[in-house]
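Protein chains: 2
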Amino acid sequence: MRFSNYYIPTLKEDPKDAEIVSHKLMIRAGLIRKLGSGLYTYLPLGKRALRKVEEIVREEMDNAGALEFSFPLLVPVELWIDSGRWNPDKKELMRLKDRNDNIMVLSPTNEESFTDFFRKEFHSYKQLPVNFYQIGIKFRDEIRPRFGVMRAKEFLMKDAYSLDLDEESLDVSYKKMRDAYYNVFRRCMLDTISVKADSGDIGGDASEEFMVKSSVGEEEIVACECGYIANIETAESVLEQDDNKEYDLKTIEMIHTPNVKTIDDLVQFFDITAKKFIKSLVYKADNKSILVLIRGDYDINETKLKSKLGIHNLELADDETIFDISGSPAGFIGPYNLKKDIPIYADFSVKDIVNGITGANKKDFHYKNINPGRDFQAQYYDLRLVKKGDKCVHCGKQLDIFRGIEVGHIFKLGDKYSKAMGVKVLDKNGKEVTPLMGCYGIGITRTLAAIIEQHNDKDGIIWPITVAPFHVIITIVNTKNEELLKLAEKIENDLEKQGIEVLVDDRDLRPGFKFKDADLIGIPFRVNLSEKALNNNSFEIVRRKDKEIFYVSMDEIIDKLINLINIENKKER
Amino acid sequence: MRFSNYYIPTLKEDPKDAEIVSHKLMIRAGLIRKLGSGLYTYLPLGKRALRKVEEIVREEMDNAGALEFSFPLLVPVELWIDSGRWNPDKKELMRLKDRNDNIMVLSPTNEESFTDFFRKEFHSYKQLPVNFYQIGIKFRDEIRPRFGVMRAKEFLMKDAYSLDLDEESLDVSYKKMRDAYYNVFRRCMLDTISVKADSGDIGGDASEEFMVKSSVGEEEIVACECGYIANIETAESVLEQDDNKEYDLKTIEMIHTPNVKTIDDLVQFFDITAKKFIKSLVYKADNKSILVLIRGDYDINETKLKSKLGIHNLELADDETIFDISGSPAGFIGPYNLKKDIPIYADFSVKDIVNGITGANKKDFHYKNINPGRDFQAQYYDLRLVKKGDKCVHCGKQLDIFRGIEVGHIFKLGDKYSKAMGVKVLDKNGKEVTPLMGCYGIGITRTLAAIIEQHNDKDGIIWPITVAPFHVIITIVNTKNEELLKLAEKIENDLEKQGIEVLVDDRDLRPGFKFKDADLIGIPFRVNLSEKALNNNSFEIVRRKDKEIFYVSMDEIIDKLINLINIENKKER
Chain H
15 MRFSNYYIPT LKEDPKDAEI VSHKLMIRAG LIRKLGSGLY TYLPLGKRAL
65 RKVEEIVREE MDNAGALEFS FPLLVPVELW IDSGRWNPDK KELMRLKDRN
115 DNIMVLSPTN EESFTDFFRK EFHSYKQLPV NFYQIGIKFR DEIRPRFGVM
165 RAKEFLMKDA YSLDLDEESL DVSYKKMRDA YYNVFRRCML DTISVKADSG
215 DIGGDASEEF MVKSSVGEEE IVACECGYIA NIETAESVLE QDDNKEYDLK
265 TIEMIHTPNV KTIDDLVQFF DITAKKFIKS LVYKADNKSI LVLIRGDYDI
315 NETKLKSKLG IHNLELADDE TIFDISGSPA GFIGPYNLKK DIPIYADFSV
365 KDIVNGITGA NKKDFHYKNI NPGRDFQAQY YDLRLVKKGD KCVHCGKQLD
415 IFRGIEVGHI FKLGDKYSKA MGVKVLDKNG KEVTPLMGCY GIGITRTLAA
465 IIEQHNDKDG IIWPITVAPF HVIITIVNTK NEELLKLAEK IENDLEKQGI
515 EVLVDDRDLR PGFKFKDADL IGIPFRVNLS EKALNNNSFE IVRRKDKEIF
565 YVSMDEIIDK LINLINIENK KER
Chain V
15 MRFSNYYIPT LKEDPKDAEI VSHKLMIRAG LIRKLGSGLY TYLPLGKRAL
65 RKVEEIVREE MDNAGALEFS FPLLVPVELW IDSGRWNPDK KELMRLKDRN
115 DNIMVLSPTN EESFTDFFRK EFHSYKQLPV NFYQIGIKFR DEIRPRFGVM
165 RAKEFLMKDA YSLDLDEESL DVSYKKMRDA YYNVFRRCML DTISVKADSG
215 DIGGDASEEF MVKSSVGEEE IVACECGYIA NIETAESVLE QDDNKEYDLK
265 TIEMIHTPNV KTIDDLVQFF DITAKKFIKS LVYKADNKSI LVLIRGDYDI
315 NETKLKSKLG IHNLELADDE TIFDISGSPA GFIGPYNLKK DIPIYADFSV
365 KDIVNGITGA NKKDFHYKNI NPGRDFQAQY YDLRLVKKGD KCVHCGKQLD
415 IFRGIEVGHI FKLGDKYSKA MGVKVLDKNG KEVTPLMGCY GIGITRTLAA
465 IIEQHNDKDG IIWPITVAPF HVIITIVNTK NEELLKLAEK IENDLEKQGI
515 EVLVDDRDLR PGFKFKDADL IGIPFRVNLS EKALNNNSFE IVRRKDKEIF
565 YVSMDEIIDK LINLINIENK KER
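Sequence order for the protein chains is H and V.
Using this note's numbering, you'd call the opening residue of the first sequence number 15 and step up by one each time.
Using this note's numbering, you'd call the opening residue of the second sequence number 15 and step up by one each time.
Derived by calculation from the structure, the hints in this document are not laboratory data.
Heads up, some of the hints might be wrong.
Chain copies aren't distinguished; within one or between two, either way the pair holds.
Cross-link-like lysine-lysine pairs, in silico, PhoX-like; alpha carbons within 20 Å at most [stated by the list, open to error]:
hint, residue 1, residue 2
1, LYS134, LYS38
2, LYS30, LYS134
3, LYS574, LYS584
4, LYS546, LYS500
5, LYS134, LYS48
6, LYS134, LYS26
7, LYS494, LYS140
All values reported here derive from a predicted model rather than from experimental measurement.
Just need the whole structure built from these sequences, with the hints factored in.
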């Protein structure tokens, strides 16, 4: 392909709205352009790279026995009502009304369409197990689209859905996908780890995220030397006991605590460890008020709270609600002597507090000597947010926390959708049973961006050979020289016969400018064709990733390139 | 691929809502399933065939020098306002409001996004000509989705957009696409003709449709032996003169014509040729009333009317409007003595009428001796709908009319969008000029359906080799026989090494049932593996299209199949 016939509008300057490397480089290397907030156009070079990733995903899905098919992007809302996922207030969900005022959802994921497909088409254990996948556009009305294609309103996604007769079979299907995911990310040269995760709105029994370690990632991951790893939303750690535990339950006292509100203030005021305090928070949980308690040295993990209590919508209550429940302004609420009786949930850390301190439901007052069990009743769960330095529940070592980009997510849905939407099959004994589902997603556009996050230097992108839009760029140093043009054409033809994709930079521009462009767009190997090289019969092949230069004679160019590409491929497969 | 690992749910019965062959066969052969009105799921076999068509389109676009890229499916309404195409009453256009109440259009075509891209990125003649294409989902809120994927709410489309400096260059770009379209349809083995067409809502200077002749087509095509061919919406024919023309203009008379309303009634009542009558119709044209006249033996072509007068929304006026303008009920309106003055447009056929008859704007009365020019003024255009038997304007022979399916449409848009949206480039002299656009669409899903319309028999689909989801099906007659299973695997492997795609029917079902399924899903070649064939070393290869059977020994199977497939491929390329 001639550069002059192609369209790669490289830019010198970083775009103003780009915060992360992949976003900057995708714009600068002419891979994408912004059409609107969270909406990106893929230019030819970007589309070419994207299709490489797509093809790797397709091959690995095919290898794993999943069958490609495709659903409409529009989904009648009736299916969402059926599954119980329809919530008109859920703003991330794009939807429209058609000419007959029917509501159609623009798929963010396709569980409903699949479950409907399964219930219509699958009636016997003989048809199972099955796994179908599709590669297509998905929609999410992001409140704050950012980071380029990393968090956009439209994105290319692979989603797969399996149906199995029982747990054992689901385990096999799930493992096949898990293995396929490792293959995909390895082939994309992405350093990826799988992390136990919360299933969120999709739901189900268990889920794992595939994470690319990156300082710009939006997910927090908890990890231990021993191998324990989990998304912060589900991570657990050892509950540290209070070393100075008391045993005698004392009588409650009310203490005047003017202008003392935060835990730090209280620690200072009472001159006592934060482990003595019971933090009390009022939440609106699916429009019901609840009181949630945790020990003063911990924070509440709202994702755990939601998942453990089966809450869909959770938010902190407003001042008015707090006043209504407590009879006092925010900051002085506590579980004892509430004005209004509401359910109380507490983290395990609260259970063993003896003679604790908590708000007195009265402005500028706290209670001393509050004792769980004696002074209030609560239901106990693990609701703690893990902190860096917390101890691992498996080995006791200190936990580390780092950030990651979620590129894949696999779920054991179990019977969540199949039960809600009435999928039934006959088992071997002719008995009707509810089969189990799994679902498996890869963000293809996000994977592309993550590859760039992991493969770049100050000069631009460094494409792994497996997803490079072209394998080789031939830079003609002097485009006035006919001999060089002919040589470029010959090398291009010879390489293309070997399945190697070539871009010929035939633009009438300064060589330095062309070298810079080649580095920016990140083609793995560059061949420089200059008059000097021709005269000396010594041609430069430059490897992008380390700028190493290999000198070869004209006759050796092809073999050397094939050899270098094979080395890269071997490493990466 | 094993049939038992694949998913091809064939059906014996035609689906109740299917009216045309392709729709029936796509459901019965397990290619598609309906998710909702006008919304179809592609099952694995259908997806595979669709991808074959997609790949042919991609290759031909690449060969023609067009560059693949992709736009978001959502388009901010501002771009549609910019281009002048935004019309909130246009119900076919799907749109939604996002979380911030911004309107987003779901692309039916992408002229706006492209023009915006061009105006942002192209500033010099040096960057031209360019042609970009994408393959993706498009949306249309059909008032009456029908014929399966032929007229659906979502469909896969290839759309390309070119930008050229001048007419001459646009002609070249247009011709390249036209040639590429012929290649695409020839490779798909679709008997296709190109037809001059109206540019409709998309607009521009000239357009051609690619039509597949089919009795179930929704388009009418006018054709002549001499080679003249046009969509009925733009077709022209010779205006037949009235042989008994008068020359003396007589005085107007008002005639009582009770219960005489239609042209047939009038012909009978006045005992005179229909050529004497001036038919008068009131339309609402973009919310303005207009009177349109045509001679009694002709009908008005509303598409011509719209395009010649630049009307966007056209509909017949209601009775109330007619009464308001004419002072009489519908059926008695005429251009002379109207109660209200409205613009009058007439077909050329009206111009030479002498002493014509027309409604008297009074219930049960007509005027005699009405003369254009003397009694009313009108603007004249060709507004006639061509009828079968009309004479060709080129050779005078009688025109034929047949039906067709539109699979492609190419447009010279000229400066319609580039001007409206302010695309400007500098020419060689440094002068700012408005470059010209072309746009080029292929309905990929519709092409697939059209292929089935042209390639089927009573037993099912007959895939052309170029788009067949598999080239060969190996039917194992007795799946209990280990030797046959092994042989199937060997043949499959040997063929796949040659790039031939194989489906092995390993299902434990009656042979007759499996043969029927093979015919229904239309795989071009079937190899029957039976114990008898094994014993006699004489195997049957059945060619789907004519059921011809070729007998070969075990050693000859592969070579014979390769040979038969090559014959099909050669024919089709």
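Between LYS134 and LYS26, at a C-alpha cutoff of 20 Å, which is it: within one copy, between copies, both, or neither? between (55 Å within a copy, 17 Å between copies)
At most 20 Å between C-alpha atoms: does LYS134 with LYS48 qualify within a copy, between copies, both, or neither? The answer is between: 11 Å across copies meets 20 Å, while 41 Å in one copy does not.
For LYS30 and LYS134, with the copy left unspecified, which applies at a CA distance of at most 20 Å: within, between, both, or neither? Between. Shortest inter-copy distance 16 Å satisfies the 20 Å Cα cut-off; intra-copy 51 Å does not.
Can you tell me if LYS546 and LYS500 fall within 20 Å by alpha carbon in one copy, between copies, both or neither? Answer is within; shortest intra-copy Cα gap is 16 Å, inter-copy 61 Å.
Copy assignment of LYS494 with LYS140, given that the CA separation must stay at most 20 Å: between (69 Å within a copy, 18 Å between copies)
One pair to classify: LYS574 and LYS584, alpha carbons no more than 20 Å apart. Within, between, both, or neither? within (15 Å within a copy, 38 Å between copies)
Please sort LYS134 with LYS38 into within, between, both or neither, judging by C-alpha distance up to 20 Å. between (47 Å within a copy, 18 Å between copies)
Consistency with the previously given hints is maintained throughout, with no hint failing.
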